[in-house]
Structure formats: C-alpha cells, structure tokens
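Given next are the chains, with one letter for each unit.
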Amino acid sequence: MKVRFWGVRGAIPAPGPETNRYGGNTSCVSVTGARGQLLILDMGTGVVGLGKQLMTGEMGRGRGRAAVLLSHAHWDHIQGFPFFPPVFVAGNQFELHGNAHSSDMLEGILEGQMNPHFSPIYTLRNLGAAISFTAALPGAVHDFEGIRVSARPNPHGHTSALAYRLEEDGSSLVYASDAGYPPEGPSREILDLYAGADLLIHDSTYTPADRATRLERGNSSYAEAAAAAASAGARHLALFHYDQDYGDDTVDEMTRACRAELDRRGGRDIRLTAAAEGLEIDV
Amino acid sequence: MDLAYFRVLASRLRMRARFWGVRGSIAVPGPTTNRYGGNTSCVEIAADGMAPIIIDAGTGIRRLGQALAGGAFGSGRGVAHLLISHTHWDHIQGLPFFAPLYTRGNRLHVYARRRDTHLRAVFASQTESPYFPVPLDEMRADVTFHELGDRQQFAIGPAEVRCTRLNHPWIALAYRVELDGRAVVYASDTAPFRDILFEHEFIGQPPEPSAPLDPAKAAALAEMRRALVELCRGAALLIYDTQFTREEYRQKPHWGHSTPDDAIAIAREAEVGALVLYHHAPDRTDDQQDAIVRECRAALAGDRLALYAAREGLELTVGDGGVVASGEAEA
Chain A
43 MKVRFWGVRG AIPAPGPETN RYGGNTSCVS VTGARGQLLI LDMGTGVVGL
93 GKQLMTGEMG RGRGRAAVLL SHAHWDHIQG FPFFPPVFVA GNQFELHGNA
143 HSSDMLEGIL EGQMNPHFSP IYTLRNLGAA ISFTAALPGA VHDFEGIRVS
193 ARPNPHGHTS ALAYRLEEDG SSLVYASDAG YPPEGPSREI LDLYAGADLL
243 IHDSTYTPAD RATRLERGNS SYAEAAAAAA SAGARHLALF HYDQDYGDDT
293 VDEMTRACRA ELDRRGGRDI RLTAAAEGLE IDV
Chain B
-12 MDLAYFRVLA SRLRMRARFW GVRGSIAVPG PTTNRYGGNT SCVEIAADGM
38 APIIIDAGTG IRRLGQALAG GAFGSGRGVA HLLISHTHWD HIQGLPFFAP
88 LYTRGNRLHV YARRRDTHLR AVFASQTESP YFPVPLDEMR ADVTFHELGD
138 RQQFAIGPAE VRCTRLNHPW IALAYRVELD GRAVVYASDT APFRDILFEH
188 EFIGQPPEPS APLDPAKAAA LAEMRRALVE LCRGAALLIY DTQFTREEYR
238 QKPHWGHSTP DDAIAIAREA EVGALVLYHH APDRTDDQQD AIVRECRAAL
288 AGDRLALYAA REGLELTVGD GGVVASGEAE A
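Protein chains in written order, with this note's numbering: chain A, 43 to 325; chain B, -12 to 318.
For reference, chain A alone in the conformation it holds in the complex (with noise of 0.2 Å):
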C-alpha cells in the first residue's frame, strides 16, 4: 500500500509562511492498493489536492471508484468534501463509511454540510458521482477490492472518532486520528486493532504541556503517540494533526522530542515520520 498525505493539521486549515513545510490544509490521507484501489482517510481540506490530481486520470473520465473513511463529521475532517472536483463528475462512485449510528445519520450528517443556507451545491443530489453511505460499525471487517478494513471507536472530547486498520497482504497500516485517551491510556480493544501495524499514523495534536490544558478537546499530544505505538508494537509512527497554532519549527521540536519518547519506552525500533504535506510512505 502506498500512503500519501494531503492534509497534516487539525482543527481549521492554517495557511502562513510558518505552515509551508508540513503544510496548512485540514486532514486528508490517501492509500493505494497493490491493485490500485483507492482509499480516502478523512476528507479535510487536503482532499481538494488529492482531487485535482485523480481528475487527470480515471476520476475525470467519470471512471474513478474509491472508498472514504471517516474518522468523525468535525469539520476539519469533511470540510474539503464539497471541493473535491472527482464529486461532481457523473459515472465516478464512491463508498463513503463513517461514524454514525446508522448510515442514513450519517448521509444526513454530509447533506447537512451542503445546506443552501451554507452550501451553493444545495443538496448531495447535485454532485454528480454516485455516493453510498455506510456506518461503519465498530469490529466488523468490510472489504474494498482486496483491502480489509476495520474499525474501532477511540474517545474524542465529547464525542467519539474511528480508528481504521487497513491490510492488503500481509501489510497493515493504522489510521489513529483524534484520538483522547483517557489517563489510564488507549483500551485493549483499540491496541488491538493498533498491534503491530506496519505504519501508524497518530493524532499528535499536541505538546504535552498544552495537551494538559486542553484535556476536553480529546486529542493526543505526541507523548501519547509514542506510548501508543509502543505499547502496540507498531513498526513505524507517524505523527499528524497538528495544532493550527504550531509552526513547522515547533513540529520539528515535537519530532525530536517523540523520537526520545519512543526510545526511553523501549521503542527504539520504530522508525519516526511527522507527516507532512507531499510526503508517501510504502507500507
């Protein structure tokens, strides 16, 4: 599988001087099968990137298939859904599975962002491509042309967001986004579904010092990335979703100080990657 990332940040998108490095632009995340198949991780603004480059291919020929996860309906999460061109163009499809109760909430949840009071589309009629929705639903195993996703809930401020486990064979990579453990750490059932994952990506939203004033926002800071890592045994970590108010000097601080984190919690074999705009991972 290959990983490539669109948007590295959290919260709203962050354009600057400062931001240029790892980039300004709201979660997104692309992995590409053995095979080709497409899987979209969250659709921040970073998904319009990833959308201008699939319409020079089969996407803009209204031939692109491709499945969306979704970690959770904040906006910096689907906020680059109604400007991704590959939407509007008919015959394109898209299997797009999220968290809600029952998939008709969660078609609700994203016709609610094309509302006319918000949204010059009006209503998910008027895109062009043709969308299922699915709740995904927390240990069931779906699989989208050869890849085998699962699904776990993490705690998230008030609320909750998934967690995805992707394998193609014999190869995993993770999906850990908005993740708010509470101080006893993640549960068993989420380091299972984390255990040994060749890649995994983690929210590390935060320093530690400003993490312990921002308790109820429900994200990491890049401490608990790297106990989470460790205690999964995961083989490689990437740190993402940083805080809008950081810079790319202050991510490289957070980098080498995860890199001495993992190494006093024993984890001195997992290779360390902040994620930043423009960068592929092969798992």
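Hints listed in this document are in silico derivations from the structure and should not be mistaken for laboratory results. It is possible that some hints are incorrect.
[Said to hold, decoys possible] Sample of chain B residues facing chain A (criterion: CB under 7 Å; computed from the structure):
1. 19
2. 25
3. 74
4. 86
5. 89
6. 109
7. 114
8. 117
9. 132
10. 193
Quick caveat, the model's predicted, so the values are computed rather than measured. Note that CB positions come from ideal geometry on N, CA and C, so glycine has one too.
Put chain B on the given structure of chain A with help from the hints.
Same frame as chain A, now just chain B:
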C-alpha cells in the same frame, strides 16, 4: 488662518480597513499563496474610539481574534460587531475559532440578512454535534443576532451602516460603513447584474449564451445594480468580489462571482476613491494575482481610481489624504 477650521479637520476620524482573509471558496495553505494569503474572507474596520466592525468570518477571523485577545477582549470587556455578507462556509467557517467568543463578558453583535430560519438557528447549526465540539450556547461571550432586510440603515456606535442585496446564490448583502463622512463599502459575493438573477433556486448549469434574459429578471438586476452603485457612491474604499478572470466567468457565470472589469465599472460609476480586488480564487497563485493587478493598473493608467489587491496584513487607512496603504510589504 482660522484655527478652528483645522481643529475640525483634525477631529475627523480616520478609518482603517485591515485584511485578515482575502480568499474565496476554501482556505488554501501553501507556498504559492504566502504573499496574498490563503485564509478565507475577513476584513476588520477600525477607528479610534469605535468598537471594531468585522465583515465576514472566514478562517482569517482566527488571527484577528488572537490579536483582539491582546486587548479588552482578553479580559472580557470587548465589544465587536460582525457584519455577515452571507452564510456560505467561506464567510463563517472561522467563527468557532474566534477567541473572544470563549471569554465571558465579551459581546458580539452579528448582523446578517433575514432568512426563512432564525439567524441564531443557522449559526447554531454550524457548531452543533457532530460538526463541532462546542455548541454556540456554551460559548461564554454574549452573542446577539440582528436580522437585516435587503435595504436597511442602522448605527453602530458613531458609524452609520447601510446594506443592499447582491446577486449571489441564496443572496448576499453589501455593506457601507460610514464614519465622519468617509465610507468603506464591502461588496462580496456577487455576480455581475446581466446574465443570471440569483435567488433561492439551485442553478446547476450556465445559461445558453444566446438565451435572452426574462424582462422581469433583467429589470430586477438593473435595479439591484442601481442600488449597489448608490450604496458605493463617493466611498473612499470599495472592496469587491473579483474571484474570476473573464474566461473563468464565461465558464462559470452560475457561481455568482465577478471579474475586475465588473468591479472597475461599478467603482467608476459610483466615483469611489480606491477599489480593492478581493475574494481571490482559491487556485490563484501569488504570481497570477500579481499579473491581474498589473493588467488592471495598466487599464486604469491616468484614471483617478486607485487600485489595490487585498492581501493578508494589508491595512488601508482612509484619512484626509485619501487612502494610504500600510501593513506588510507591498506584494
């Protein structure tokens, strides 16, 4: 010399327009937007002794909120007025990230066009579950909503504010803020007033180029334009939606945005002092925007109309000597 005359002059308040977000549609971070900025629409109008008047709450309002939190808003003694052109995402998406909302004691007055749904309900749905973690009712500042008609006049402290409707899907308002005889007009978002009349219907396709416009619609557009020119009349500064190039407008007349040509025509008719190109297309790079400014300035050579392109950090001061630019280095 009559000294009293100079005292009167000196007492006229200078108005400052500062740009915090200049982009349309969606925020566009990245090196190609560093100079003009990638944040969506937000302009601050300030004058000594006046509560700040903010127009639109795109992502640019986040930084404005941080700046305001350094003053009275940090200790819960701030009052601000927010004029909303319309509630499309790029004009409101920064509001939940406006720091003064989270400090008890601050007061925010929000003004927008009356809708079929009460304004508070429209704004509350932006921050309800599952879209945002903090509901509007739990924000600590006191937020009051003021519903406006298509043409209305009201006072904000010493400033007089007028609005008129624009030609945009689901309808937007233009605002004139006048203080001591000097005026700043904000007209975004709007299509020109010739090809499509936007109301509340979804328009999914551009009209046939040769199709004649329904006479009633043409008359409504002419009247809308006349009222806008009247709103702009004699303003020192006109901030105008110029998202499209001519070619982009030809392809997307049904998106509800104008070109610099449309803005220049309105500015000349209304005899404004300076025009500010605004609401730049998300795909527009800094270099492309530079080229648009060069072309406009060349077309205006010898004209009394001054022209600026909005960029984050730009501050335009309206004073006795006309409009003076400051802020970050000229792009």
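Consistency of the hints with the structure:
1. Interface hint status for residue 19 (chain B): violated, as the beta-carbon distance to the closest one in chain A is roughly 10 Å, over 7 Å.
2. Annotation: interface hint on residue 25 (chain B) holds; nearest CB of chain A at approximately 3 Å, less than 7 Å.
3. Hint status for residue 74 (chain B): holds, given a least beta-carbon distance of 5 Å to chain A, under 7 Å.
4. Taking 7 Å as the C-beta contact cut-off toward chain A, the hint placing residue 86 (chain B) at the interface is violated, the least distance being around 11 Å.
5. Interface hint at residue 89 (chain B): violated, since its Cβ lies 12 Å from the closest Cβ of chain A, which is beyond the 7 Å cut-off.
6. With a least beta-carbon distance of about 5 Å to chain A, the hint placing residue 109 (chain B) at the interface is held under the 7 Å criterion.
7. About 9 Å separates the beta-carbon of residue 114 (chain B) from the nearest beta-carbon of chain A, more than 7 Å, and the hint is not met.
8. Annotation: residue 117 (chain B) was flagged as interfacial toward chain A, and the flag holds, the nearest CB pair being 4 Å apart, inside 7 Å.
9. A cut of 7 Å between beta carbons decides the hint on residue 132 (chain B): the least distance to chain A is about 14 Å, and the hint is violated.
10. Contact between residue 193 (chain B) and chain A, as hinted, is not supported at the beta carbon level, the nearest pair being about 14 Å apart and thus beyond 7 Å.
Checked against the numbered hints above, the structure violates hints 1, 4, 5, 7, 9, 10; every other hint is satisfied.
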